[in-house]
Amino acid sequence: MSTQAGYNFGYLDENTKRMIRRALLKAVAIPGHQVPFGAREMPLPYGWGTGGIQVTASVIGPDDVLKVIDQGADDTTNAVSIRRFFHRVAGVATTERTAEASIIQTRHRIPETMLREGQILVYQVPMPEPLFRLEPRVTETKRMHALADYGLMHVRLYEDIARHGHIAISYNYPVMVNGRYLMAPSPIPSFDNPKMDRMPALQLFGAGREKRIYAVPPYTEVRSLDFEDHPFQPIRADAACALCGSRESYLDEVVTDDRGGRIFVCSDTDYCAGRQASRQAEAAE
Amino acid sequence: MAYVAVKGGERAIDGAHAWLAEVRRGDPAVPELSLAQIEQQLALAVDRVMAEGSCYDRGLAALAVKQARGDLIEAAFLLRAYRTTLPRFGASLPLDTGRMQPARRISATYKDLPGGQVLGPTFDYTHRLLDFALAAEGTEPPPPAPEAATDPAPTPRVTGILAQEGLMAPELPSDAEPPDLTREPLSFPAERPLRLQALARGDEGFLLALGYSTQRGYGNAHPFVGEIRMGPVAVELVPPELGFAIEIGEITVTECQMVNQFAGSKTEPPQFTRGYGLVFGQGERKAMAMSLVDRGLRSAELGEEATAPAQDPEFVLYHCDNVEATGFVEHLKLPHYVDFQSELEKVRAMRATAQATLREAAE
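If you read the sequences in order, they're chains V and G.
The numbering of the first sequence is the numbering used here, which starts it at 31 and goes up by one.
The numbering of the second sequence is the numbering used here, which starts it at 6 and goes up by one.
It should be emphasised that the hints constitute simulated quantities derived from the structure, not laboratory data.
Even for Gly, the Cβ is constructed at its ideal location relative to N, Cα and C.
Please note that a few of the clues may not be correct.
[Unchecked claim] To give an idea of the interface, some chain V residues facing chain G are shown, with a C-beta separation under 10 Å as derived from the structure:
#1 G36
#2 G79
#3 N108
#4 A123
#5 T125
#6 A129
#7 S132
#8 M206
#9 R210
#10 E240
#11 A270
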């Protein structure tokens, strides 16, 4: 196993891992509740995935297979950088296939391929507090969570409807976890929110700069906030992927020229490549 | 296709890092900087990196400055990322700055006082005229500065002189284990030891601006520099197996004690209160700014009305760390196209609704 000389397996020392695992256990026991933890400085900058990296470093073992995505893709620069980091400090096997990974660290997306039991999805979280735009004070928001006092968020959604006719949040769309805690799903598009609900995989959320961890255990109810007469509506570009033809996946818009030319392609590169391969196989038959 | 260019890749990263290494070295015809040169001749940059990196090691700080191409926040970040992997043996005894043989010690509240005013190596009273003689290389080193006979008697603290008269509000001594911001996350209410710890590693520029704001009416400060002292102090530790203190080394620190007026309250007579700043190395600007902000953050405990940013612990403590701040500000250059796509669709839908309403109104 090739690991960096002078550093422990997974970069963090064992005491730090134990502290993070304790926070993770508490987070799993209280789904959606933000658990403060002693986040360490990492050799990557805050805001670039230090929370997710610390969570991954604490749960990863030599037999794990790691997949890292950013914007749904394995080949974005930050995903490459984090995958390299773990290859360097933990020497673990890495993959780009969602189905083959035991741990998937993600920024901004949930893979299109359904996750299964035993897999862990680690989210990188910039702002763990779902209420921070409405109330910046942590002392206040802690109280609001303790009392399940989420009226402020409902009023915000109601005001959106009064002003625009619908809720104007397109990503980091707030969710209620297990009917108790309001939670920020991290800046995934609202398109991905339904995948969180009763997901068979364990979902762990790490916010390094804000020093908080939270979790959604497998098969937990995750409901996107809405109103009876204004049900939650996920957003997706109304197009098919130019590479694999999918009409179900989340699409990135690609500007092809300076005359308004656009194509749409899957944001999930593994899903798209898999579909392209099976289409070619069918065509060859 | 443009798509390929947007998504990076291993080769692009390797190429960028190779380029960085090249520009870091600069023109190979120009001799390379040695760590000793940085440590000696850019000593204040090294001090600042040690302070904000919260790791007292001049050699490592000099290396960080070199590796960061002189970007001091990047250098502090490098040092922090190294420091966080180090084991923690224990806590030292409190530094006794009263026993310091100061290289600099000034008071703005007394013309003369025991121990005297010692200017030390300061920019104060220099005329800020570019010295073109420094541009020439290979000149003779300056002659050694004249030395006064050292007085072995300790230099009493100015705040202690005020305290003898009961004019200075005492700080309550405590043997409690100090909190460790680097092991436990910040939590509120943040007690003073935790606040001072955060300020000591906080960004000099941020604290300077906040301290300055308290002088301009945002926080109602009436500060006097009771004393600034800079010099080496011994670090002592009590190893559990010995049970008595041993000296494990010496570090240079700058301490500022700012004396502030306090009108008194129902329970306290009018007296002076302290704002405190302590910084690794020679960091007078930071120590002074820190002591202004420390005093600002005491408004709640002193029953003063808190209206200004420098009196708001959450605002100050959550935003003073430049490694956190630079990371989050700079993360905006990471790809955000998934979220932006959702915003695009949302704004298009909202524009369609709005335009339909406008058309209906026009008809």
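The hints, checked one at a time:
1. A distance limit of 10 Å between C-beta atoms decides the matter here; for V:G36 the minimum to chain G is near 9 Å, and the interface restraint holds.
2. Against a cut-off of 10 Å between C-beta atoms, the interface hint on V:G79 holds, since the closest Cβ of chain G lies about 9 Å away.
3. Annotation: interface hint on V:N108 holds; nearest CB of chain G at approximately 5 Å, less than 10 Å.
4. The closest approach between the C-beta of V:A123 and any C-beta of chain G is roughly 17 Å, which is over the 10 Å cut-off, so the hint fails.
5. Nearest Cβ of chain G to the Cβ of V:T125: about 15 Å, over the 10 Å cut. The hint is violated.
6. Annotation: V:A129 was flagged as interfacial toward chain G, and the flag is violated, the nearest CB pair being 21 Å apart, outside 10 Å.
7. Taking 10 Å as the C-beta cut-off, the interface hint given for V:S132 is violated, the closest approach to chain G being about 23 Å.
8. Because the smallest distance between the Cβ of V:M206 and any Cβ of chain G comes to about 20 Å, over 10 Å, the interface hint for this residue is violated.
9. Look at V:R210: its Cβ only gets to about 22 Å from chain G, farther than 10 Å, so that hint breaks.
10. The criterion of a C-beta within 10 Å of any C-beta in chain G is met by V:E240, whose closest approach is roughly 8 Å, and the hint holds.
11. Hint status for V:A270: violated, given a least beta-carbon distance of 15 Å to chain G, over 10 Å.
The earlier numbered hints that this structure contradicts are 4, 5, 6, 7, 8, 9 and 11.
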